[in-house]
Every structure is written in C-alpha cells, then in structure tokens.
Amino acid sequence: MAFDDARVDLELLRTLLAIGDSATFAEAARKRRVTPPAVSQQMKALEGQLGVKLFERVGRRAVLTARGAALVEVLRATFSGLSTALEALVDDVAQVAGEVRLGGPGPFSNLWLRPRVAELLSRHPGLSLSIEYAVPSVLVQRLLRGELDLALVVQPVDEPQLASKVVHVEAFTAVASPKFLGRATRPRSADDFRQLPFLVFDRDFAMLGPWWRSFFGRHEALPTRIPCAVTSLFDLKALALDGLGIAVLPTYFVEAELKAKTLVSLDPPAAGARGAKNPISLCWRRSALETARFRAVREQLLEGAPDW
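Quick note: the sequence shown uses the working numbering, first residue 374, plus one each step.
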C-alpha cells in the first residue's frame with residue numbers, strides 16, 4: 374500500500390534528525406529551540422503519523438530503534454542535499470554570476486555592444502555572456518520562447534509579453550566613394566538621385582526607404598536602378614567603397630570611412646529635413662525572473678539611454 378507522505382510534518386522530521394545528531398533529548402531541544410517535553414511530544418506525534426515505533430526504552434532513556442536510526446541516516450543526507458540546493462538557488466538569484474543570453478543585429482551589436490560587454494565582464498568576473506546575432510523577427514520569437522534573456526531589436530516592438538526601452542537612435546546617410554563621384558555629377562534632387570545606381574540591403578528598402586522619404590517625401594518615387602541587393606552591411610559598404618553605386622547605411626557604421634574620406638555623404642541640403650531615424654530597443658520578457666545577473670546586464674545596457 375502506498376504511503377501518503379503528505380501526512381508527515383517536515384518539522385517533526387527535523388526534530389528527529391536533531392535527536393539523531395545529539396547525545397540527549399535536552400541537547401536536541403536546545404538545537405530546535407523548544408523544551409525537552411516538547412521534543413518528546415513531537416516524537417509521539419511523528420510515530421503516530423508514520424505508524425512506526427521510532428524509540429524504545431533502555432533503562433531510563435529513550436533510544437532510537439533500528440528503523441528510527443535508519444530513517445535518521447536518510448534524513449541526514451536528504452536535508453543536507455536540500456540545504457545545498459536551496460543555497461545554490463538563492464545564490465543563483467542574488468549573485469551576479471552565471472549565464473545571461475543576449476541577441477542583437479550583427480553590425481550594431483558588434484560596435485555598440487562590445488564596449489559594454491567588456492565593462493560588464495570586468496565588473497563581474499562570475500558573469501558569462503552568450504551573444505548571438507539574428508534579424509528582429511527571430512530575436513523576438515527567441516525572447517518569447519525563453520531562449521534569450523535580452524535582445525536588441527531594430528524595429529518598434531509591439532508585443533504585450535515584452536517590455537522594451539530605446540537604447541540608441543540610428544540615423545542613416547547616403548554614401549558613395551570619390552571614385553564613383555568622379556564619374557557622376559553630385560546629385561541634389563530626387564530626379565538626380567533616381568538617375569544613379571543604388572546598392573541596397575534588401576529590395577524592401579529597409580534603409581533606403583526611410584532615408585528617401587525623410588528628404589524627398591512620400592510622393593517622390595523611389596530609385597529603380599538597383600544593380601545589387603546584399604543582406605550584409607559589411608558587403609554593402611565594401612561595394613560602395615569599390616565605387617559601384619550609392620548605399621544608404623547607418624551613420625555609425627561609416628563614421629571611420631567618412632572621416633578618412635574614403636566615402637562621402639550625399640545627404641541633400643533639404644530644408645527642414647530631419648533625416649531618417651530608427652530606434653533600437655532593448656527588450657526582455659515581462660515575466661522574466663529578475664536575477665541579479667539579469668538586472669546587472671539590463672542596467673548596464675540601459676545606461677545613458679536616450680529619451681525617445
């Protein structure tokens with residue numbers, strides 16, 4: 374017949390373990406912070422719950438039976454393991470140690486995230502960061518499935534299960550190489566730009582579209598001369614450096630080339646144009662367990678976040 378362990382009071386088992394680890398009931402009572410009569414009453418109650426005699430009289434003393442002693446040995450190992458597990462659980466939540474899984478877009482994460490990762494690992498030697506790159510839709514799904522703890526997402530986040538905070542506002546600029554410009558008149562108007570070849574990240578014009586509308590408005594048709602579409606910002610920049618056309622890229626991604634003048638910005642001097650702006654948000658599940666390591670990473674990545 375199966376035994377219903379729900380009937381047994383764990384505190385009584387702790388008292389039994391204290392007796393097994395003590396020379397007398399009085400010593401066990403001190404450990405349990407009760408009186409010796411209370412210890413005796415607790416053991417009678419435990420025997421009643423188990424339906425087994427745990428003690429026998431030897432002279433004037435109550436000593437453990439063989440079954441009682443065997444149960445004490447099991448309790449000793451069980452409660453020791455439980456204490457270790459609980460301590461580990463508390464440490465896992467309270468200490469900045471262990472793994473935090475991050476996701477983000479490759480080029481932005483490479484440039485923006487790297488110094489923050491260095492700061493985190495320097496400040497918290499027990500911290501371990503796992504970083505992966507993916508497109509926004511994949512990052513959001515991996516967050517929702519609990520496969521990532523935090524993600525940098527380059528798009529507005531409209532998902533009730535996720536919280537988000539803008540950490541960077543991405544700006545775009547149209548660039549070309551001096552080699553390309555040596556063969557073409559510098560464009561100024563929408564018509565000028567439409568006559569020239571554009572290199573794009575994808576044919577949805579994820580960067581070219583916002584840039585174009587910010588300067589020329591929605592009524593002006595987008596360029597149609599697209600000799601190459603490549604889903605790599607690094608390749609896109611390389612093709613522009615090779616003089617194969619105009620590329621619209623994040624400003625942070627071409628700062629070094631603009632400074633070295635290996636690329637030139639072609640943003641037109643349009644009155645009142647604000648330029649294309651794209652918020653990048655740090656996202657996390659609202660239901661996520663907020664361990665100390667999770668909070669440390671989130672706070673570091675949110676530090677200095679712009680108002681948006």
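Please keep in mind that the hints were generated in silico from the structure rather than gathered at the bench.
Treat the hints with care, as some may be off.
[Unchecked claim] Estimated spans, in silico, between C-beta atoms of each pair:
| hint | residue 1 | residue 2 | range |
| --- | --- | --- | --- |
| 1 | Pro488 | Gly519 | 23 to 29 Å |
| 2 | Leu675 | Pro642 | 53 to 59 Å |
| 3 | Gly421 | Ser453 | 53 to 59 Å |
| 4 | Arg561 | Ala633 | 22 to 28 Å |
| 5 | Thr397 | Leu675 | 57 to 63 Å |
[To be verified] 27 Å max Cα-Cα, derived BS3-like pairs, lysine-lysine:
| hint | residue 1 | residue 2 |
| --- | --- | --- |
| 6 | Lys552 | Lys417 |
| 7 | Lys552 | Lys538 |
| 8 | Lys634 | Lys538 |
| 9 | Lys632 | Lys552 |
| 10 | Lys632 | Lys610 |
| 11 | Lys650 | Lys632 |
| 12 | Lys610 | Lys634 |
| 13 | Lys610 | Lys552 |
| 14 | Lys610 | Lys650 |
Think of the CB as a built atom: it goes at the ideal place given N, C-alpha and C, for glycine as much as any other residue.
field: Violated constraints from the hint list, given by number and in increasing order
entry: 2, 3, 6, 7, 8
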